[in-house]
Amino acid sequence: MPNATALVTLLAIIFYFYTGLRVGRARAKFGIKAPATTGHPDFERVFRVQMNTLEWMPIFLPALWLFALYVNDIGAAIVGLVWIVGRILFMTGYTEAASKRGRGFGIQAAATGILWVGALVGIIWHAAQG
Amino acid sequence: MPNATALVTLLAIIFYFYTGLRVGRARAKFGIKAPATTGHPDFERVFRVQMNTLEWMPIFLPALWLFALYVNDIGAAIVGLVWIVGRILFMTGYTEAASKRGRGFGIQAAATGILWVGALVGIIWHAAQG
Amino acid sequence: MPNATALVTLLAIIFYFYTGLRVGRARAKFGIKAPATTGHPDFERVFRVQMNTLEWMPIFLPALWLFALYVNDIGAAIVGLVWIVGRILFMTGYTEAASKRGRGFGIQAAATGILWVGALVGIIWHAAQG
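Respectively, the protein sequence lines represent chains C, D and W. Going by our numbering, the first sequence opens with residue 1, and the numbers climb by one from there. Going by our numbering, the second sequence opens with residue 1, and the numbers climb by one from there. Going by our numbering, the third sequence opens with residue 1, and the numbers climb by one from there.
Check the hints yourself; a few may be wrong.
Unchecked claim - The calculated BS3-like cross-link candidates involving lysine-lysine, where the alpha carbons are at most 30 Å apart (straight line), are: (1) W/K33 - C/K100; (2) W/K33 - C/K33; (3) W/K29 - D/K33; (4) W/K29 - C/K100; (5) C/K33 - C/K100.
Claimed, not checked - Partial selection, computed: residues in chain D whose CB lies under 10 Å from chain W: (6) T9; (7) A12; (8) I13; (9) F17; (10) M51; (11) N52.
Stated by the list, open to error - Now the in silico label distances, taken between C-beta atoms and shown as ranges: (12) W/A34 - D/V82: 49 to 55 Å; (13) W/H126 - D/V82: 21 to 27 Å; (14) D/G106 - W/Y18: 33 to 39 Å; (15) D/G106 - C/F15: 17 to 23 Å; (16) W/I124 - C/R25: 40 to 46 Å; (17) W/G106 - C/V85: 38 to 44 Å; (18) C/F30 - W/Q129: 52 to 58 Å.
Hints in this document: simulated from the structure, not taken from any laboratory. Where is the CB? At the ideal position from N, CA and C, for every residue including glycine.
Go ahead and model the full structure; you've got the sequences and the hints to work with.
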């Protein structure tokens, strides 16, 4: 069983959960009552951090697991940790200003790209060997 | 194969699909034409039910399956059913008023927490045994 | 290992990623600065293409994989390709006009329905045989 990847998956989803908690706190701070999701730029950036992380979950998690199953568990876990670090930088940057979201975004995108390409190579390699 | 968890997964995704159907119906009822997602509070709460369920899918499904694979299939399925019940209460409550979404939300959050913590313990236990 | 389904999964997530790239380009074209997600109908339809694809990922991917594991790898992959074709038609149609999103939507919904029902039959069949 890919234990390391399983642990990183739990880490990734608790981090993502935390981006949602921050939206709840930002609702209170800026007086944005549910179901509204707009009304103050500072709230909207915190909301977009959660949404953007949500948007990437169906790319990151399948790529992470295909890499783990077709290439290597520890390798997947390490790149998965880099993804989480990138996501944290994206969160802290974007919360300050929309212009500061680029670096963290790039790191997590690069990590996802490595997982995707690695999984592709692994699947083709596996299939070619019958 | 974790048959019970597989069945509960199909149940969870058809329930989630239903929260999307309700958005389509609410569009017609309140005259909110796509691509707009705002314009009437009653519509916006129905939309937020779907969105909030979507937001939790990448937390719930991985935690459910890691619990199933590392702890127990039937246990995962039972807690998964509790999650669906909490989600139904969240849906019916939130549709009436934003203030009535708390109970169902709490139930599904508790169920997810059990799956997450159980999976964590199971992975560590499994890894420690080599 | 379900190699064909794994490949189709990589295809599906890169297509979904592309719907997000288009949102970035539409932001530039129509002058919608992050974190705003409204402001021009042409932008909002491109944004809704990404969002709707995101909304379907937690239905499509689990149904695809349960079908692959409980029924057949190649069958899952073929229906998964039909889903991607439907999604492409949905994207190109919706980008032109909200009224042109129906056909592609119907194709991808039908493909998902086949995966869901097939997985259900496969799980019950598997469980009944002990």
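How the hints compare with the structure:
Proximity of W/K33 to C/K100 is assessed by CA-CA distance (about 14 Å); at most 30 Å being required, the pair is judged to hold. Among the hinted pairs, W/K33 with C/K33 is consistent with the structure: their alpha-carbon atoms are about 23 Å apart, no more than 30 Å. With a C-alpha separation of about 23 Å, the suggested pair W/K29 and D/K33 falls inside the 30 Å cut-off, and the hint holds. Of the supplied pair hints, the one linking W/K29 and C/K100 holds, its CA atoms being roughly 21 Å apart against a limit of 30 Å.
For the hint linking C/K33 to C/K100, the alpha-carbon distance of about 27 Å falls within 30 Å, and the restraint holds. Restraint check, D/T9 versus chain W: the minimum CB separation of about 5 Å is within 10 Å; hint holds. With its C-beta approaching chain W no nearer than about 8 Å, D/A12 sits inside the 10 Å limit, and its interface hint holds. Interface hint status for D/I13: upheld, as the beta-carbon distance to the closest one in chain W is roughly 5 Å, under 10 Å.
At its closest, the beta carbon of D/F17 sits 6 Å from a beta carbon of chain W; the interface hint therefore holds under the 10 Å criterion. Among the interface hints, the one on D/M51 holds; its C-beta lies about 8 Å from the nearest C-beta in chain W, closer than the 10 Å criterion. Because the closest C-beta pair between D/N52 and chain W is about 12 Å apart, greater than 10 Å, the hint is violated. Roughly 38 Å separates the CB atoms of W/A34 and D/V82, a value that falls outside the hinted 49 to 55 Å.
Evaluation of the 21 to 27 Å hint for W/H126 and D/V82 yields a pass: the beta carbon distance comes to about 24 Å. Take D/G106 and W/Y18: their Cβ atoms lie about 38 Å apart, and the range 33 to 39 Å holds. Look at D/G106 against C/F15: about 22 Å separates their beta carbons, and that is inside 17 to 23 Å. The supplied range of 40 to 46 Å is met by W/I124 and C/R25, whose beta-carbon atoms lie about 44 Å from each other.
Hint check: W/G106 to C/V85, Cβ distance near 42 Å, so the stated range 38 to 44 Å holds. Restraint check, C/F30 to W/Q129: a C-beta distance of roughly 57 Å satisfies the suggested window 52 to 58 Å.
Checked against the numbered hints given earlier, the structure breaks hints 11 and 12 and satisfies all the rest.
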